[in-house]
Amino acid sequence: MAKTLVQEFTKGLWDEIPPFRLVLGLCPVLAVTKTVENGIGMGLATTFVLVCSNILVSSLRKVIPPKVRIACFIIIIATFVTVVELVMQAFTYPLFLKLGIFIPLIVVNCIVLGRAEAFASKNGIIASLADGLGIGIGFTLALGALGAVRELFGTGILTIWEKPIQIFGPSFQPFTFMIEAPGAFICLGLMLCVMNMMGSK
Amino acid sequence: MREMIKMVVVLTLLCTFSGGLLAAIRGGTKERIEYQQLKFVKGPAIKAILEGSSNDPIVDRFKIKDGEIERSFFVGVFDGKASAVAFESFGKGFGGDIGLMVGVNIEDDNIIGAGVTTHNETPGVGSRAKTDPGFAAQFKGLSIKDTFKVKTDDGQIDAVSGATITSRGVTVAATEAGKIYKKLKPQIAEKLKKFAK
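Quick mapping for you: the protein sequence lines, in order, are chains H and X. Here the first sequence is numbered in my numbering, starting from 1 and rising by one per residue. Here the second sequence is numbered in my numbering, starting from 1 and rising by one per residue.
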């Protein structure tokens, strides 16, 4: 049974939310979620690439010869990633400096290629748009949530719109390891655990 | 065979389209990216050097062709007169080129401030040339026309302790800045007239 557009969109937000359910795209998930801002910035950049590449792949799906489809997908994705990179440099330079190498690495993010291959190359334009948007927003939310937890416990501060907000007050001793690499793994593990517990009921 | 041709054609068209799009976007964002880079990478050094100027030195900038290279100059307006310029020069450090932003008062040719912009020096050792404000402050008030050397080479600049090579790189950059300044001074003075308010 074909899913409705709404279902295509909402599945990305919970049932197939990328880092937690599909456990895909972990490289940026672990690396850039030191703060909420970084996480959401990275998520939005990925969403843009995902939506644009899904639309283009879907509209070209009858033209692209099956044998070179991956090469075609990569060209399309790489183009949009470079667009994002240039636009970020022009308008949000400080964020660009923080995300650094992870912006060009969206090209090899398996979520983007995965959606192009598994969904957009087989479905219509509107459905692909809904799919890309859903998965992208799901990815952004996941990165934002992970970033929030790590920043909150790692520093005791949440930075929103470049304004640091003290959450726990000055007597709070931050768990510095939360903003280091091990904290990313532990935090992701715990969140996966919570998601699975909620799903298994 | 037909399939073969189709593959080639599709890939070629895609690449052409992609190349064209990227070229267009790059053209459209180039100026803004340059401004952003100046603001966030060199901005802090420029602002510190031209402190107290009544204009925005990053907006009021001009370029002069020096042989093959195009150099950017940042204008500082003091007391209604465009009397200072800041520009960057490079010297060889321990881990590559060190960028030094030098501000010069064009009326008496004295340095009004200097600051390291970009470097690849060892963190915590050579990097102190950038973070220790006392080091770059030694250039203040000296004449840009001097040759700068660290004290171990019978010069006038105290090296950052443990980072003689880095410090030498900075003095070379400062000396280089003097050469650029002497060479381009007439053009700088000419351009500055436009900024006087």
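No lab work stands behind these hints: they were computed from the structure. Because the structure is a prediction, the values reported are computed rather than measured. Hints may contain errors.
Said to hold, decoys possible - Cut-off 25 Å, straight-line C-alpha distance, at most; resulting in silico cross-link-like pairs (BS3-like, lysine-lysine):
hint: 1; chain 1: H; residue 1: K163; chain 2: X; residue 2: K47
hint: 2; chain 1: X; residue 1: K6; chain 2: H; residue 2: K98
hint: 3; chain 1: X; residue 1: K30; chain 2: X; residue 2: K149
hint: 4; chain 1: X; residue 1: K182; chain 2: H; residue 2: K163
hint: 5; chain 1: X; residue 1: K92; chain 2: X; residue 2: K193
hint: 6; chain 1: X; residue 1: K149; chain 2: X; residue 2: K191
hint: 7; chain 1: X; residue 1: K193; chain 2: X; residue 2: K149
hint: 8; chain 1: X; residue 1: K145; chain 2: X; residue 2: K6
hint: 9; chain 1: X; residue 1: K92; chain 2: X; residue 2: K81
hint: 10; chain 1: X; residue 1: K183; chain 2: X; residue 2: K194
hint: 11; chain 1: X; residue 1: K182; chain 2: H; residue 2: K98
hint: 12; chain 1: X; residue 1: K191; chain 2: X; residue 2: K145
hint: 13; chain 1: X; residue 1: K140; chain 2: H; residue 2: K62
hint: 14; chain 1: H; residue 1: K122; chain 2: X; residue 2: K6
hint: 15; chain 1: X; residue 1: K92; chain 2: X; residue 2: K65
hint: 16; chain 1: H; residue 1: K98; chain 2: X; residue 2: K194
hint: 17; chain 1: X; residue 1: K193; chain 2: X; residue 2: K182
hint: 18; chain 1: X; residue 1: K65; chain 2: H; residue 2: K67
hint: 19; chain 1: X; residue 1: K149; chain 2: X; residue 2: K183
hint: 20; chain 1: X; residue 1: K151; chain 2: X; residue 2: K65
hint: 21; chain 1: X; residue 1: K191; chain 2: X; residue 2: K179
hint: 22; chain 1: X; residue 1: K151; chain 2: X; residue 2: K47
Said to hold, decoys possible - So the derived list for chain H, only partly shown, Cβ under 8 Å to chain X, looks like this:
hint: 23; residue: C72
hint: 24; residue: T82
hint: 25; residue: Q89
Stated by the list, open to error - Computed far set for chain H versus chain X, every beta-carbon distance over 10 Å:
hint: 26; residue: T140
hint: 27; residue: L141
hint: 28; residue: I160
Note that CB positions come from ideal geometry on N, CA and C, so glycine has one too.
Outcome of the hint check:
Proximity of H:K163 to X:K47 is assessed by CA-CA distance (about 23 Å); at most 25 Å being required, the pair is judged to hold. Proximity of X:K6 to H:K98 is assessed by CA-CA distance (about 42 Å); at most 25 Å being required, the pair is judged violated. For the hint pairing X:K30 with X:K149, the CA-to-CA distance comes to about 38 Å; that exceeds 25 Å, so the pair is violated. The suggested pairing of X:K182 with H:K163 is violated, with an alpha-carbon distance near 46 Å, which exceeds 25 Å.
The hinted pair formed by X:K92 and X:K193 fails the criterion: a straight-line CA distance of about 34 Å is larger than 25 Å. For a cut-off of 25 Å, the pair hint linking X:K149 to X:K191 is broken: about 31 Å separates their Cα positions. At most 25 Å may separate the alpha-carbon atoms for a hinted pair to count; X:K193 and X:K149 exceed this at roughly 33 Å. A C-alpha spacing of about 66 Å is found between X:K145 and X:K6, which places the hinted pair above 25 Å, so the restraint is violated.
For the given pair, X:K92 sits about 35 Å from X:K81 by alpha-carbon distance, which is inconsistent with the 25 Å threshold. For the hint pairing X:K183 with X:K194, the CA-to-CA distance comes to about 20 Å; that is within 25 Å, so the pair holds. With a CA separation close to 39 Å, the supplied pair X:K182 and H:K98 exceeds the 25 Å bound. A hinted pair counts as satisfied when its Cα atoms are at most 25 Å apart, and X:K191 with X:K145 qualifies at roughly 20 Å.
At most 25 Å may separate the alpha-carbon atoms for a hinted pair to count; X:K140 and H:K62 exceed this at roughly 68 Å. For a cut-off of 25 Å, the pair hint linking H:K122 to X:K6 stands: about 20 Å separates their Cα positions. For a cut-off of 25 Å, the pair hint linking X:K92 to X:K65 stands: about 23 Å separates their Cα positions. A distance of roughly 38 Å separates the Cα atoms of H:K98 and X:K194; the hinted pair therefore is violated under the 25 Å criterion.
The hinted pair formed by X:K193 and X:K182 meets the criterion: a straight-line CA distance of about 18 Å does not exceed 25 Å. Our distance criterion of 25 Å between C-alpha atoms is broken by X:K65 and H:K67, whose separation comes to about 51 Å. Taken as a hint, the X:K149 and X:K183 pair is honoured in the structure, with Cα atoms around 21 Å apart against an allowance of 25 Å. Using a Cα cut-off of 25 Å, the hinted pair X:K151 and X:K65 is violated, with the two alpha carbons roughly 34 Å apart.
A threshold of 25 Å between alpha carbons decides the hint, and for X:K191 with X:K179 the separation of about 18 Å falls inside it, so the pair holds. A threshold of 25 Å between alpha carbons decides the hint, and for X:K151 with X:K47 the separation of about 28 Å lies outside it, so the pair is violated. Among the interface hints, the one on H:C72 holds; its C-beta lies about 6 Å from the nearest C-beta in chain X, closer than the 8 Å criterion. Hint status for H:T82: holds, given a least beta-carbon distance of 5 Å to chain X, under 8 Å.
Interface restraint check for H:Q89: the shortest CB-CB distance to chain X comes to about 5 Å, inside 8 Å, so the restraint holds. At roughly 23 Å from the closest C-beta of chain X, the C-beta of H:T140 stays outside 10 Å, upholding its exclusion from the interface. For H:L141, the shortest C-beta to C-beta distance to chain X comes to about 28 Å, beyond the 10 Å cut-off, and the non-interface label holds. Every beta carbon of chain X lies more than 10 Å from that of H:I160, the smallest distance being close to 21 Å; the non-interface claim holds.
Comparing the model with each earlier hint shows violations of hints 2, 3, 4, 5, 6, 7, 8, 9, 11, 13, 16, 18, 20, 22; every other hint is respected.
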